[in-house]
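Novice: Per my numbering, the sequence shown starts with residue 1, numbered consecutively.
The hints are simulated quantities; they were obtained by calculation from the structure and are not laboratory data.
Any given hint could be a false lead.
[To be verified] Calculated cross-link-like contacts (lysine-lysine; reagent style BS3-like; alpha-carbon spacing at most 25 Å):
#1 37 x 21
#2 43 x 21
#3 37 x 58
#4 43 x 58
[As the list claims (entries may be wrong)] Label-pair distances were calculated between CB atoms; the ranges are:
#5 58 x 34: 38 to 44 Å
#6 23 x 66: 32 to 38 Å
#7 32 x 64: 40 to 46 Å
#8 28 x 71: 29 to 35 Å
#9 68 x 42: 20 to 26 Å
#10 25 x 64: 22 to 28 Å
The beta carbon of each residue, even a glycine, is placed where N, CA and C say it ideally should be.
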Amino acid sequence: MDCVKAPRDVEDRLVQCTCMKDGFAALPPELRPRPKKKSSLRKVTCPGCGLVYWTNRKTDVCMECEKKGVTE
């Protein structure tokens, strides 16, 4: 007996569950939950040492460089 395979186009049309991908896909955009904002943190690079870090401070200088007296 020969195995009969489904044509390629039939395999492409198979319905897959989207509940694991996006549970709110059926809702209109205005009713979907909004993504949460990260917070007031921003990603900065210290001009003194090149350290990349997240901060909510107004200055980009890291704490170590600030102790050493490095300015922007």
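Novice: Decide, hint by hint, whether the structure agrees.
Specialist: Hint check results:
1. Only pairs whose Cα atoms come within 25 Å are accepted, and residue 37 paired with residue 21 is accepted, the gap being roughly 21 Å.
2. Pair hint residue 43 plus residue 21 does not hold up; C-alpha atoms about 29 Å apart against a cutoff of 25 Å.
3. Annotation: proposed proximity of residue 37 to residue 58 holds, straight-line Cα distance about 19 Å (limit 25 Å).
4. Proximity of residue 43 to residue 58 is assessed by CA-CA distance (about 12 Å); at most 25 Å being required, the pair is judged to hold.
5. Between residue 58 and residue 34, the C-beta spacing of about 27 Å breaks the proposed range 38 to 44 Å.
6. Against the hinted window of 32 to 38 Å, the Cβ-Cβ separation of residue 23 and residue 66 comes to about 45 Å, which falls outside the hint.
7. Distance hint for residue 32 and residue 64: a CB-CB separation of about 43 Å, consistent with the stated range 40 to 46 Å.
8. Our hint of 29 to 35 Å for residue 28 and residue 71 is violated, since their Cβ atoms are close to 51 Å apart.
9. Between residue 68 and residue 42 the C-beta distance comes to about 22 Å, which sits within the given range of 20 to 26 Å.
10. For residue 25 and residue 64, the Cβ-Cβ distance of about 47 Å falls outside the hinted range of 22 to 28 Å, so the restraint is violated.
In summary, the structure is inconsistent with hints 2, 5, 6, 8 and 10 from the numbered list given earlier, while agreeing with the others.
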